[in-house]
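Chemist: Chains as they are written, first to last, in full-length UniProt numbering: chain A, 1 to 234; chain B, 1 to 234.
These aren't lab readings, by the way, just hints derived from the structure by calculation. Keep in mind it's a predicted model, so treat the numbers as computed, not measured. One or more hints might be untrue.
If several chains are the same, the list does not tell them apart, and a pair holds so long as it fits within one copy or across any two.
Dumping the calculated SDA-like pairs for lysine to any residue here, alpha-carbon to alpha-carbon at most 25 Å [what the hints assert, rightly or not]:
id, residue 1, residue 2
1, Lys79, Leu47
2, Lys200, Asn130
3, Lys79, Gly206
4, Lys200, Phe95
Protein chains: 2
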Amino acid sequence: MPAMPSQEVAAVDDGRTPPARPRKRGTTSRPRGRHSGDVLLDAASALMIERNSITITFTEIAARAGLNSALIHYRFGGKDGLFRALIERDVGGTFPMLADLVRADLPAVRKLDLHIRAITQTYFDHPYINRLVAVLAQDVEGEGARFVSERVVRPLHEAQAAILAQGQAEGVFRAVDPMLFYFSLIGACDHLFQARYALKWAFAVGDIDDTLRRDYAQHVLGLLMGSLMVRPGE
Amino acid sequence: MPAMPSQEVAAVDDGRTPPARPRKRGTTSRPRGRHSGDVLLDAASALMIERNSITITFTEIAARAGLNSALIHYRFGGKDGLFRALIERDVGGTFPMLADLVRADLPAVRKLDLHIRAITQTYFDHPYINRLVAVLAQDVEGEGARFVSERVVRPLHEAQAAILAQGQAEGVFRAVDPMLFYFSLIGACDHLFQARYALKWAFAVGDIDDTLRRDYAQHVLGLLMGSLMVRPGE
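Next up, chain A with everything else stripped away, as it sits in the complex:
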């Protein structure tokens, strides 16, 4: 039996912890002495969740944070800079755990399970992530597209490729193209969170609760495992 993963890895989602969302939603009081950049990011994040929109003004963020809106320009340089900082915090902040997961003494099947749960948890906690990425990467040639690709896509892809290679070495996964795998995994994980309009109007589901998130993660995992796993006798 493999050793248990580190606390950090286990914290990705052990299926028993209560949902983290809404994270600091609606709170305005901040511990004194916190970095003003963090306070502004918390305020922006809370406003985006409340409004279900990334269309918020610097004045609104400043008012929520209790800080001067000139600070946003000073800290982040503008809207794109703020968006990048939010992605860096919300997605980039999970990558140390992802690196721990890849290194952990666990079977590849369990790693893929934890990875899929972590991705759906990230979308669940930060439902505006898809929209930030869409705005930043709108111009395929632009700096935002490059930032998202290098800071988000590449680490995810490399971790997945390592897990796939481990599973093949263990004799439990078939060979699969890691690039095609990346797009199908992320697309499958993200669409429930991206297409809230469909959930509401075509399926009459008003919000994604933690049960739906877990069911969906399990469904996506089932898709991938059913395809990846080598079956007895093959």
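Starting from the structure of chain A, add chain B where the hints point.
Modeler: For chain B alone, kept in the frame of chain A given last:
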């Protein structure tokens, strides 16, 4: 052996036909007497493909179509109306074939195969579709979100639910939640086309050619089938 599907169904994608894209790309001459609305939609579609952007002006569409820009307001009422009409043409136009597919005398496995190929073909032919949907459905409470859900999501979901039920009746598919299936299938299919930035900057793939589209459709089909199919002995 089941009867062959109708010509229309077979035309979805038999894996042998040459790619349809670029459809009328760059052409400006139109048969006399064509409906001016169609001419305007062709012009808007061609411009969006050329620019890899949905940010085009009515003046540009009118110039490309050789028509007066006031006609766009008259025909479509504004940008949202134009976007809806494009979705209606590009996606809605494939639904009669989807209905034929659902009714066809074919095994469920083959129907799912053709369905996945048709979806990736639609994204391939009209790479701006995701962005039109994102703009229309941005406000979850808005009319655009409702339009996309009722006109696009619901017919796709209903067709998929029918194919899934057929496969279960045939004893080849496991039971699966059709809603979760919808999100995972569409998300997996669309992400390659949506995340062009990732393809370019993280994987150094500049464009999606027909080979990549087919490989991807095959990969997504493999994911779904591996999970869905009941295995011998179960």
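Chemist: Decide, hint by hint, whether the structure agrees.
Modeler: How the hints compare with the structure:
no.	hint	result
1	Lys79 to Leu47	within (14 Å within a copy, 28 Å between copies)
2	Lys200 to Asn130	both (18 Å within a copy, 18 Å between copies)
3	Lys79 to Gly206	neither (29 Å within a copy, 28 Å between copies)
4	Lys200 to Phe95	between (32 Å within a copy, 22 Å between copies)
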